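Asks: Construct all of the structure, not just a fragment, from the sequences and the given hints.
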Amino acid sequence: MMDERQIIESAVGGEASAFGQLYDRYQPKIYRFVLFKVGHREEAEDLTHEVFMSAWQNIRNYRDFGFPFSSWLYQIARNRVIDHYRTKKTNTSIEEVDPEYFVAPAVASLALEEKLEMERVRRALTQLKPEYQDVIIMRFIEELSLKETAAALGKTEGAVKLMQHRAMKALQGLIS
Amino acid sequence: MNLISTLKKLRNIEPDSHYQMRSRSVVLRATPSEPPARAVWGWFMGNIESAASLALAGLCLFLIFAGFSIWKSFSPLGIARLDLAALHAEAEAIDIQIQLANLRYQESTSSVAMPVPELKSAPLKKPIEAPAVAPLSSTEEIPTSSSTLETTEASTLSIDEALEELAK
Numbered sequence: 001m002m003d004e005r006q007i008i009e010s011a012v013g014g015e016a017s018a019f020g021q022l023y024d025r026y027q028p029k030i031y032r033f034v035l036f037k038v039g040h041r042e043e044a045e046d047l048t049h050e051v052f053m054s055a056w057q058n059i060r061n062y063r064d065f066g067f068p069f070s071s072w073l074y075q076i077a078r079n080r081v082i083d084h085y086r087t088k089k090t091n092t093s094i095e096e097v098d099p100e101y102f103v104a105p106a107v108a109s110l111a112l113e114e115k116l117e118m119e120r121v122r123r124a125l126t127q128l129k130p131e132y133q134d135v136i137i138m139r140f141i142e143e144l145s146l147k148e149t150a151a152a153l154g155k156t157e158g159a160v161k162l163m164q165h166r167a168m169k170a171l172q173g174l175i176s
Numbered sequence: 177m178n179l180i181s182t183l184k185k186l187r188n189i190e191p192d193s194h195y196q197m198r199s200r201s202v203v204l205r206a207t208p209s210e211p212p213a214r215a216v217w218g219w220f221m222g223n224i225e226s227a228a229s230l231a232l233a234g235l236c237l238f239l240i241f242a243g244f245s246i247w248k249s250f251s252p253l254g255i256a257r258l259d260l261a262a263l264h265a266e267a268e269a270i271d272i273q274i275q276l277a278n279l280r281y282q283e284s285t286s287s288v289a290m291p292v293p294e295l296k297s298a299p300l301k302k303p304i305e306a307p308a309v310a311p312l313s314s315t316e317e318i319p320t321s322s323s324t325l326e327t328t329e330a331s332t333l334s335i336d337e338a339l340e341e342l343a344k
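Protein sequence lines correspond, in order, to chains A and B. In this text, residue positions in the first sequence follow our numbering: the first is 1, and each later residue adds one. In this text, residue positions in the second sequence follow our numbering: the first is 177, and each later residue adds one.
The set of hints was computed from the structure by calculation and includes no laboratory data. Predicted model, so just to flag it, every value in this text is computed and none were measured. Check the hints yourself; a few may be wrong.
Claimed, not checked - Restricting the straight-line Cα-Cα distance to at most 25 angstroms, the calculated cross-link-like pairs of lysine to any residue (SDA-like) are:
1. A/Lys115 / B/Thr182
2. B/Lys185 / A/Gly66
3. A/Lys115 / B/Ser181
4. A/Lys129 / A/Thr156
Replies: Right, dumping it as structure tokens:
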């Protein structure tokens, strides 16, 4: 069994199966990140597909600077979401947000009360500033380390800690 | 509501498996692009940039540490005159002038100020035992300016008048 470093090296060398393994590992995370940012399942699917297509096409330019591979993918995803909003030129209203993701098997089995709580939190999340959304998704939903989050956001670990504190405070304010 | 645990539950949201398979196969069928041909040029330019920044930093340090010496030697403004011996001599000269001015002031007040009996018990200020006013010779110690002023205040009619005298 290859470790991640070897898998990445093989993928950088152009081996499609190695990139396939990376895809399987990181695609759900990137999908959720994009989904919470755009709020529509179909748009999230399209953007996630573009993120991995772009990553695979530019894999030879990837350089290992000691940051996790996921941070590189998150950077691409963030840029794709920014481009998406720039070209779309519309704001997503809370009412427009697609609740279809609740049909996902893992979520469908949850109790109604839990689903409602999740929906409230998710709606509040969409009202936060984009950088607050990023930090909450990465730190609390995807449970990335401070180092990974800092690398993905292009900030220092101290700045991420501070932003995380402010983001949680803002989210709590929106929910209560 | 426990916010953090609710946030963790959001992790259960997953992409559709059919979409996942379809997207995966499309992505992996594409071919990765070749690395840019100008990589060598980029490497060269990167080295040039690093060397230029190091040189600039070195120049800044040189200017900070050695700049004042250079300025002192070549300045057209004559900053070279700022040597300690000249400054000391100048300071000494200023000090002497002040002492001479005090001396003249002392001489002028001694001829004018006469003790007025009713002002000796003035409540404004307790008079200091003034030394007997006599013309000072050059060898005598010059009194300090504060004691001279207090003596003068004690022997004049009022502070306003003393100020007027001083103004003259």
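Asks: Confirm or reject each hint.
Replies: Hints, verified against the model:
| no. | hint | verdict |
| --- | --- | --- |
| 1 | A/Lys115 / B/Thr182 | holds (9 angstroms) |
| 2 | B/Lys185 / A/Gly66 | violated (30 angstroms) |
| 3 | A/Lys115 / B/Ser181 | holds (13 angstroms) |
| 4 | A/Lys129 / A/Thr156 | holds (19 angstroms) |
Checked against the numbered hints above, the structure breaks only hint 2 and satisfies the rest.
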